[in-house]
Amino acid sequence: MTKDAELPPAGTSTEEAVVPVEGGTTPPVGVPPVGKRATGGRRKPLPGESRWIAGLFLLPAAVFLLGIVFYPLVYTLIRSLFNDGPSGEATGFAGFANYVHIFTQSDGLEAFKNNVLWVVIVPALVTILGLMFAVLTERVRFSSAFKIVLFMPMAISFLAAGITWSLIYVDEPSQGLGNAIVTGIHDTFSPSTSYPELHPLNTTVISGSGARGYQTVKPVSSGSPGLLPLTGLDLTAPPPNAKPAAQPTGSGLTGVVWNDFKLGGGGKSGVIDQGELGIPGIEVQAVQGGNVVATTSTAADGTFSFPSLTSGSYTLALPHSDFVAAFGGVSWLGKTLITPAIMLSYLWIYTGFAMVLLAAGMAAIPREALEAARIDGATEWQVFRRVTVPLLSPVLLVVFVTMVINVLKIFDIVFILQQPAGGNAKYANVLAVQLYTDYGNQQFGAASAVGILLVILVIPAMIFQVRNFRKESR
Amino acid sequence: MRMKSKKLAVTTLAVASLLTAAACGGGSSNPPKSSQSNGGSPSGGPNLQGVSYDVLGQWTGGEQKAFQAVIDAFDQQTGASGNYTPAAGGDEAGVLGTKVAGGTPPDIAILSLPGAIAQYASSNKMFPASSDVQSAVSANFASEWGTLGSYKGQLYCAPVDASNKSTVWYNTKSFSNAGISSPPTTWDEWLKDGKTLSASGVQVPISVGGGDGWTLTDWFENVYLRTAGVQKYDQLTHHQIPWTDPSVATALNTLKQMWGDPQLIGSPQQAVKVSFTSSVDNVFKSNPTSAIVYEASFVATTITSDKLPAKVGVDAKVFPFPSVNGSQPVVEAAGDFACAFSKNKAAMPFLAFLASPEAAKLLVGTEGSGFLSVNKNVPSSSYNDPTSAALAKQMVQVGNNFRFDMSDQAPAEFGGTPNKGEWGDLQTFLTNGDVKAAQQQLEKDAGAANWG
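Chains as they are written, first to last, in the numbering used here: chain Y, 4 to 477; chain R, 94 to 545.
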């Protein structure tokens with residue numbers, strides 16, 4: 004009998020004796036019963052099985068556990084029920100005021116709301132993405148290579164990952180990868196050259212706004228050239244093709260758009276002074292009765308002319324497209340996007356982790372079940388939906404619950420990515436960060452209340468997880 | 094105000110060596126009455142042979158070096174041995190709080206928040222100043238500085254350094270490009286010059302570092318000091334009048350004239366993301382995008398430590414925060430105080446020494462120091478550069494007509510926490526310009542804080 008060799012020798016501890024569960028619970032015929040049953044119903048406790056000795060050996064661990072887990076927990080619970088004095092001491096019983104405080108103060112409420120968002124969105128996404136990658140990498144060549152790449156972010160600390168992502172989220176498209184991509188895509192579809200920095204200094208000559216465009220206050224006729232003074236051109240680095248502004252020449256309606264300011268100041272407002280630059284390539288419209296009659300654009304010295312308009316008076320307009328600011332990309336760490344942006348960086352880290360766990364789970368699914376389904380004519384989607392997912396559900400659940408626990412106590416990546424967000428950081432607040440802030444302000448009661456709230460929130464997930472582990476070890 | 098612990102690396106060797114001579118000369122000709130009156134030790138100070146004391150602070154870099162020079166001088170005179178440690182992570186309030194709560198306070202701690210002085214004094218964690226310290230403080234400082242170091246009329250802490258928070262820094266090149274010959278002296282002139290700078294092609298004429306909420310509180314405080322006056326300022330400081338007071342609305346509306354104008358400060362959505370250091374960088378980097386930045390005397394420290402191409406006093410100049418509607422000159426100041434947390438024999442003598450001109454000269458004159466002192470008996474020649482000397486002189490000259498940073502005196506959860514309380518509310522105000530909503534939110538947050 005070969006099976007005999009695989010079984011542990013009789014007389015070792017009972018747990019070990021029942022280990023070979025794989026392949027059915029009934030021992031093969033002919034194998035003598037092992038463990039407890041081998042020695043009969045009653046037996047003398049072996050050395051090391053005495054309760055007293057066990058207790059003695061457990062004592063250091065128990066003391067340690069009581070000292071560093073139980074005592075702080077109880078102390079935190081008690082402290083959370085007391086008010087905070089000015090230098091952090093407890094002053095007077097507060098009841099649940101500290102807890103109420105979390106939900107009545109704007110930042111505490113924001114933290115709670117964001118934590119809820121995190122729990123609702125992130126664990127589900129991580130699990131789904133992990134499953135997707137696990138399934139997709141299963142059948143490809145070099146699947147381990149893909150898995151390694153996807154898993155790699157797990158090897159980076161949250162701090163380093165946070166700093167990396169804060170660089171990705173830099174607003175300046177020349178510095179931040181995120182906006183480099185976004186503006187790159189945008190500009191492919193609508194390239195723009197304009198002068199968002201220009202604006203009139205003297206609004207009695209030109210009125211309007213950058214958003215609507217500007218027009219001359221007084222109408223212009225072909226006899227007298229139209230002067231359109233603007234200011235704001237960066238004189239330390241003017242457009243390379245700009246030439247000194249000139250008096251308009253040519254036939255028909257003429258005019259000049261120029262920067263009514265020279266380096267060092269001192270020019271006369273509304274007059275083309277020596278050293279003032281023309282604004283090249285800006286679109287000018289001649290408007291009559293509300294309708295655009297003609298359109299042209301300025302030369303390098305700022306002059307323009309409408310040779311066809313020889314009579315009548317027109318309003319000269321600079322359309323708002325002249326002043327559209329270049330698309331600067333998305334404000335990743337702005338008010339609305341900051342939490343999704345941080346979630347994205349978290350997904351980047353944890354998707355690989357979920358994938359590896361789920362891939363391991365899938366490897367354990369019996370091939371026969373999948374084969375059988377395929378032979379019965381199931382499509383791949385049906386196999387995935389009806390066979391793989393149900394068989395994988397215990398692992399899916401473990402991944403999901405682990406993520407819930409992880410996400411509830413999320414701190415580091417949020418904290419790091421809050422740093423470059425400036426005033427928008429408050430929109431990314433989460434409970435753990437709130438705890439840290441309160442602690443830093445020596446509001447130990449308030450901080451304790453947040454801590455206890457986190458414990459309460461995490462307990463259901465913990466219970467579930469512990470039960471699950473117990474089920475597995477049984 | 095965590096940013097204050099920035100280092101300075103001014104390297105004017107000649108001046109520094111001159112100063113050492115001046116400091117020595119000053120020490121002998123004008124002996125501090127306090128620490129030396131007990132007599133006994135070889136060089137005049139009390140004999141503290143074998144006594145060791147530790148000091149907790151938040152200074153690092155050049156400032157730590159300057160403070161160490163003071164400790165060394167004291168140790169040499171008395172035979173004591175001092176050990177200065179900067180708080181881990183720069184979070185001095187947190188480190189000190191934990192140490193005090195744990196029963197192991199440092200012998201001396203440097204506090205920058207008068208509110209903290211009151212907290213620790215009221216809970217008897219700190220020891221009242223000895224008569225030596227008292228006489229040194231009253232001999233060398235305007236009485237208001239002593240009051241800031243006191244609790245219920247009893248002096249506890251000695252002033253160490255100060256910063257002038259009514260200073261507006263500008264890029265001289267940008268000003269000359271725009272043809273502005275002299276800096277503005279009134280708020281309206283300031284707005285007008287801002288427009289001129291904008292016309293001259295400066296994208297964001299006035300750089301507002303809204304990413305750090307404390308810069309905004311300083312903006313508000315300077316405007317409030319000028320529109321509401323010192324009395325209202327004191328009342329608002331201690332939350333004796335609510336933030337919904339009309340005087341607050343006036344100040345916020347004044348601020349809005351500037352903050353609400355994209356031609357002056359650029360997009361507010363952008364300004365609220367700019368950190369204090371970036372706001373300085375934007376004015377003094379090689380292709381500046383801004384021309385003016387308001388903050389405190391320690392902007393000089395940022396210019397040097399960020400290795401910006403501007404030279405303080407030449408390319409980077411200062412004008413006092415302009416007067417609003419004809420207000421009288423007034424200075425907003427901040428500073429650090431040394432307080433004794435134990436009965437260590439060296440603690441009081443050291444505090445007295447810190448309050449002496451001798452220590453102040455070392456503090457401001459050590460190479461790389463960014464400190465200013467409001468010690469009346471420190472000559473301008475002690476400073477490493479004329480700009481610092483002028484800013485210090487301005488603070489000394491106003492005597493008691495200055496006000497300490499309001500948010501530094503408020504409970505930390507209101508006046509000292511990033512993105513929270515006053516910091517966060519002013520950031521919101523910067524972005525939306527809603528005066529009424531800002532006032533209500535400020536009052537709500539102030540009401541929730543513990544004013545002791």
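No lab work stands behind these hints, which were simulated from the structure alone.
Check the hints yourself; a few may be wrong.
Stated by the list, open to error - Now the stretches of chain Y that chain R is said to cover, found in silico as 3 or more residues with beta-carbon under 8 angstroms:
no.: 1; stretch: 228–238
no.: 2; stretch: 263–271
no.: 3; stretch: 311–324
no.: 4; stretch: 341–354
no.: 5; stretch: 416–426
As the list claims (entries may be wrong) - Quick partial rundown of chain R residues pointing at chain Y, CB under 7 angstroms, derived from the structure:
no.: 6; residue: G239
no.: 7; residue: M351
no.: 8; residue: G353
A virtual CB, placed ideally from N, CA and C, is assigned to each residue, including glycine.
Please check whether the stretch 341–354 of chain Y has three or more residues whose CB lies within less than 8 angstroms of a CB on chain R. violated (count 0)
Against chain Y, is R/G353 within 7 angstroms by beta-carbon distance? violated, 15 angstroms
When I compare C-beta atoms, does the stretch 311–324 of chain Y have three or more residues closer than 8 angstroms to chain R? violated (count 0)
If you count the residues of the stretch 416–426 of chain Y with a beta-carbon closer than 8 angstroms to a beta-carbon of chain R, do you get 3 or more? holds (count 5)
Supplied contact hint for R/G239, tested at 7 angstroms Cβ to chain Y: violated, 22 angstroms
Annotated coverage of the stretch 228–238 of chain Y by chain R, confirmed only when three residues or more have a Cβ within 8 angstroms: It holds, with 5 qualifying residues against the three required.
Against chain Y, is R/M351 within 7 angstroms by beta-carbon distance? violated, 17 angstroms
Coverage criterion applied to the stretch 263–271 of chain Y (partner chain R; beta-carbon cut 8 angstroms; 3 residues): With 6 residues close enough to chain R, the hint holds.
Violated hints for the displayed structure, listed by number in ascending order: 3, 4, 6, 7 and 8.
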